[in-house]
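Visitor: Here the protein sequences line up with chains A, B and C, keeping their order.
First residue of the first sequence? That's 1 in this note's numbering, and the numbers climb one at a time after it.
First residue of the second sequence? That's 1 in this note's numbering, and the numbers climb one at a time after it.
First residue of the third sequence? That's 1 in this note's numbering, and the numbers climb one at a time after it.
Quick caveat, the hints were computed from the structure, so don't treat them as lab data.
Careful: at least some of the hints might be erroneous.
[To be verified] Sample of chain C residues with no beta-carbon within 10 Å of chain A, all distances over it, derived:
id, residue
1, SER14
2, LYS40
3, GLY50
4, HIS79
5, LYS185
6, ASN201
7, VAL266
[Unchecked claim] Here's a subset of chain A near chain C, in silico, CB distances under 8 Å, partners left out:
id, residue
8, ILE117
9, SER569
10, ALA614
11, LEU615
[Unchecked claim] Below, simulated BS3-like cross-link-like pairs (lysine-lysine); rule was C-alpha separation at most 30 Å, straight line:
id, chain 1, residue 1, chain 2, residue 2
12, C, LYS5, B, LYS54
13, C, LYS84, C, LYS13
14, C, LYS84, C, LYS251
15, A, LYS619, A, LYS420
16, A, LYS30, A, LYS284
17, C, LYS272, C, LYS159
18, A, LYS619, A, LYS429
19, C, LYS185, C, LYS40
20, B, LYS143, A, LYS413
21, C, LYS153, A, LYS619
22, C, LYS199, C, LYS159
23, B, LYS85, B, LYS147
24, A, LYS743, C, LYS84
25, A, LYS619, B, LYS143
26, A, LYS671, B, LYS54
27, C, LYS40, A, LYS671
28, B, LYS147, C, LYS185
29, C, LYS199, C, LYS146
30, C, LYS159, B, LYS10
31, B, LYS54, C, LYS240
32, A, LYS671, C, LYS153
33, A, LYS663, A, LYS284
34, C, LYS185, A, LYS619
35, C, LYS185, B, LYS146
36, C, LYS272, A, LYS743
37, A, LYS405, A, LYS671
38, B, LYS80, B, LYS147
39, A, LYS671, B, LYS85
40, C, LYS146, B, LYS54
Glycine included, every Cβ here is placed at the ideal spot set by N, Cα and C.
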Amino acid sequence: MEIIGHSYPIHDAEEKAAGTAIYAGDMRLKGMVYAALIRSTIPNGYVRDMDFSAVEQMHGIVGWLTCTEDCGEPFCRYRNVKGQITAEQENVWNRRVRFVGDRIGCILAESAEQARIAASRVEVIYDEYPPLLTPEDSISNGAPRIHSDGNVSQEITVEVGQLQDTEAISVDTETILSRINHVALEPHVCTADYNRHTGQLTIWSPNQSVHGLRTVIGDIFKLPYHKVRVIKTTMGGSFGGKQEWIVEPAAAAAAIYIRGPVQLALSREEVFQSTICRAPMHLKARGKYENNGKIVSFQVDNTLDAGAYLGNSKDYCGAVANKFFRCYKYPHMKYTARAVLTNTPVSGAFRGWTSPELAICLEHNINMAARKLGVDPLALRLINVALPGDMDIRINESLGEIRLKECLELGQKCFQWKRKKEDDTLFNKAEGRFRRGCAVACGGHLNGYFPRVNDFTAIGMRITETGDVIANATLHDHGCGTVQLFRMIIAQTLDILPEMISIGEGDTAVTPFDYGCFSSRSTYVIGRAAQECALSLLNRLKLVVSRLYEVPEKELVLSNGSLRFGDRSWTFSRIVQESHSLLQEEISAVFQHINKTNPGVGGAHFAHVQVDTALGDTKILEYLAVHDIGIAINPEMCRSQIQGAVLMGASAALKEHVTIDSKGASLGSLKKYHMLNLSEAPEIEVRFIEDGCTDGPFGCKSIGEVCHVPPTAAIVGAVNEALGSDMCQIPLTQDRICSWLEKNRKDKPECF
Amino acid sequence: MFLNFYVNGKQVGINVAPDRRLIDILREDLELTGTKEGCGEGECGSCTVLIDGKAVHACLTVAIQLEGSHVLTIEGLEHKGELSKIQKVFIEENAIQCGFCTPGMIMSAKALLMNNPHPSEQDIRNALAGNICRCSGYSQILKAVKKLAGEHMK
Amino acid sequence: MNAYKPLNLDELKSILLTAGDNISFIAGGTDWVINNRFRKKSLDCLIYLGQIAEMKIIEKRKGELFIGAACTMTDLANHSLLNKEHLAIAEAASSMGSKQIRNHATIGGNIANASPASDLSAPLMCLNASVYILQNSRIIKIPIDKFFVGADKTLLNQKEVVIGFALPEDSTALYSHYYKLGFRKEVSVARFGVAIAIKVNNSIVADARVALSAIGPVPVRLPEIENLLKHKSFSRQTAKEAGIILRDYIKNTSGREYKAWASIGVMEDALKMFLPAMNQNGEYL
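Full structure from sequences and hints, please.
Guide: Listed below in structure tokens is the structure:
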């Protein structure tokens, strides 16, 4: 059967098309009440009093919770593992408020709308303190402390290799990244229920780790973990936004308080202001290159704006250090950084976990180096690209079968790089209103945690009497096809149809312990376990046949849901029934897997843009993404993931910016936060390099995050090529581009 | 006020506040949760439904505007348990990932094809410009609607 | 809350006679819901304007074209009475929001809310429109340039309703267009809204009216650009000069740097829309 390499719709496509798929916000439990957050309207201060008199006059109000009373232990929204060292700075309700949008309580009502209206009528009296709205403010002398241990996290310094004293040229660049938001279409939501008789708390939410969430909820409310059941619901997108715990502690508190079911769904404004955003970063890079273009060193200094709670920021800031050697081979890097607290929305995880951010910085430096050296930017990358067997000298692990060079070469050919650049030179010579430019950007990432974290997983499978498979693993499908992928892997291994596999998603009461969907580990690590477990199941089938029919195990051939030996065959269904009745054994298998590899995984993206120098608009003319994917198990799903990431990265390059106003409030509306819509979505060509040489299932590598690493860098590079500019403060809005033109086109006052 | 209108072909009579949003009437009062709230301000398109054959935002429409009108939601496309052509083509063309934009996207496509059976690519882009998809680059969605536009020609 | 759904102006008048002051009007609802969902004080009375027959029509009357205030953007975008000299109105209606918004948003709501970035304000001003207002049971007519008094502010008092708009008829060759520059091509608030109307005789501009929105709190006419365009045919040089006038205007008013820079491109692109009318095959001379 040929399943791998063919395209299948997502496993619940029919329900989604019919409108019957149930997301956490669609759940309706008997007696359920609705919660709405009460949030701070000031950026820094203390809640002196909360007045509910207007609320008391409303119908349908069940009650409220506030920060004036204790509610559980302090926690860290980012913590995922018991014992993980994190700064537990947040409470479920924060009386000491530190940003506009900080949770100070919630209203419980019979309808969501009533709860929201009531929340808007609570009068809060604050003691206000002057806010620190930028890292510069927070670092300045005498700046008050946002948290007790100061505003600046411990300085991070990582150095790998030695800076040789060569005749290398230096290229200094600056990269300033705006705060951006994931804008998953489904706002954060949680349905929670507390059974007052059994003491069982149940949480339904679209989250990226049921076990990670359980650990934080259990510890906040001092519940033993077997009394906390976390179930992952159908997820309307995440992109990293749903891997930190924000709505769930609040919903759980409400459920425990009313001793019944509660639903808390955030508004879009609350998602912007009160969940997480990708941290603004100020990166200063110095690249050193030999005259022939070989990179000698990258030194990067980074100031990351953590927002009001440290959350993941220290680890996130530190993660940049691990992304230096996933694409290029060179002997030295130095990374110095700090995460700085400010009275602004909290920074947190974003797709790629700093790989995109570092790529924007380094790819820009490489482009400027190419200019300085008079070398073609693609050629410069080819000189430096990591080759199979090269080491990631930061983690001292081999990049294995990395195929980034092939990506560059295939892209160069398909994109017609040389021809396009010549055409652009000719086009730009006319010095008209429009300018065109091409750029290439490389992006690398990981497949799981190894070796930083001792990564492991487990999966179980059983075959039913009708020959189908029930599999049990902790999966977290973002809506990106994980469940279908696992069906395909198992089906291919057992030579049956994917629809004969039943596999659910994470539920702490049922599915085995697993860290969750992070670091692109699902396919490479859990998927590999699934493949191995299916093989183990196959072996059990063979063993049973061999025992019952005295046929040599090794000579049994798998074919279409049956085992054959010569002209005899046994269907799975028959084998299972006979195993039950004749051997008193169920046919099942469990596979525990510890992952020990992390090959290089990357992509080369090619962008061709046209910039309107009169209006500052950038149009993407052509785009090609070439990915070293090992094997595209579900090709159309991979393609649409890559295209989605390209659009997301392009949008970040040109438009996206969560701005903070003078009173410390971040924007909260899609009216002000612009993304590229269908009107301007370019055609995005995708190509795969597939040679199946890794430890991933069927030799595959990760794709969901790595495809988001190059796009912003590629678009920025192309704009700079078009204008001859060196901008790297994103987004490159109409305003920024025209501002650069105004300052730098002194020879043409009328701009074109 | 007492509101009399039609939802997916069925007559509905309910007592509601005149400013109750259609999206709440659908999701809460009528338990039709296929229509999604992604932003509550008419920017994401997830709540798109048809009223008298026109695509509108359920999050910006209120009860007082609905008297006698015919509302069609995603749930109304299925006929006797069988999905409509539009729904089937979206599935076939892999135009569904997280699915949150899907009901709104399908309803916008439905409105387009009802009013213009042979839309050009530009027509499609214009009709769906108000529907945000964050998972994809719109490529599969565009292909699905083009396929439907072509099929109408047969 | 009392809810009223008048079917004609007489019903609206009698409702307004008895209703108190704590009332709100809703037409398309695309602004109303956002502005009213979390209001502090409950309303006593909500009046739906979308079914008032006299407000839903577009028709020629003696000496004027009448556009009812409850006409939606979609109604305007494809209307046969708006496809010649009043095309700027249809183009502005097409450019506003998304399809879903256009199917509900009304011209009356757009003008009464008076956002500085309103899409319909510049075309109405450019085409010399007047506003019909129901005031104390009588209908009065006010030139549109008197209607806007500040950002988001009009001269409407509580309980006054915009009924419709009158466009004076112009029999000689008149062309109008609306050019919009937003943050993105579609589904964006305007950063510039440019409405231009010209009368042409033998490829020479006999008369010109130019109105802009989104460059100040209220829409404005720019007589300096109008005078520049008159008695000439179109050339790239003229377009550039028009842009420079706009740029200097912006520098002297809001001082917004981006808008000053973009002025030249905006005027070039706005005037380019008229080249087919000037028999210039879409090319500047």
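Visitor: Take the C-alpha atoms of LYS663 of chain A and LYS284 of chain A, compute the straight-line distance between them, and say whether it is at most 30 Å.
Guide: Holds - the C-alpha atoms of LYS284 of chain A and LYS663 of chain A are around 29 Å apart, at most 30 Å.
Visitor: Check the hint pairing LYS159 of chain C with LYS10 of chain B against an upper bound of 30 Å on the C-alpha distance.
Guide: Judged against 30 Å, a Cα distance of about 37 Å means the pair is violated.
Visitor: Does LYS146 of chain B sit within 30 Å of LYS185 of chain C, going by the straight-line distance between their CA atoms?
Guide: Satisfied, since the Cα-Cα distance of roughly 21 Å is no more than 30 Å.
Visitor: Checking one constraint from the list: CA of LYS619 of chain A to CA of LYS143 of chain B, max 30 Å. Satisfied?
Guide: 21 Å, holds
Visitor: Taking 30 Å as the top limit, are the C-alpha atoms of LYS143 of chain B and LYS413 of chain A close enough?
Guide: Cα-Cα ~26 Å, so holds.
Visitor: Given the hinted pair LYS40 of chain C and LYS671 of chain A, is their Cα-Cα distance within 30 Å?
Guide: 23 Å, holds
Visitor: Straight-line Cα separation of LYS84 of chain C and LYS13 of chain C no greater than 30 Å?
Guide: Judged against 30 Å, a Cα distance of about 35 Å means the pair is violated.
Visitor: Would the pair LYS743 of chain A and LYS84 of chain C pass a check requiring their Cα atoms to be no farther apart than 30 Å?
Guide: 43 Å, violated
Visitor: Is LYS54 of chain B within 30 Å of LYS240 of chain C, Cα to Cα?
Guide: Not OK: LYS54 of chain B and LYS240 of chain C at ~42 Å, beyond 30 Å, violated.
Visitor: Has the given pair, LYS5 of chain C with LYS54 of chain B, been kept, meaning a C-alpha gap of at most 30 Å?
Guide: Distance of about 21 Å is within 30 Å: holds.
Visitor: CA of LYS146 of chain C to CA of LYS54 of chain B, is that 30 Å or under?
Guide: This hinted pair is violated, its Cα atoms lying about 35 Å apart.
Visitor: Run the distance test for LYS671 of chain A versus LYS85 of chain B: straight-line Cα separation, threshold 30 Å.
Guide: Roughly 33 Å between the alpha carbons, so the hint for LYS671 of chain A and LYS85 of chain B is violated.
Checked against the numbered hints above, the structure violates hints 2, 5, 7, 9, 13, 14, 16, 17, 19, 21, 22, 24, 30, 31, 37, 39 and 40; every other hint is satisfied.
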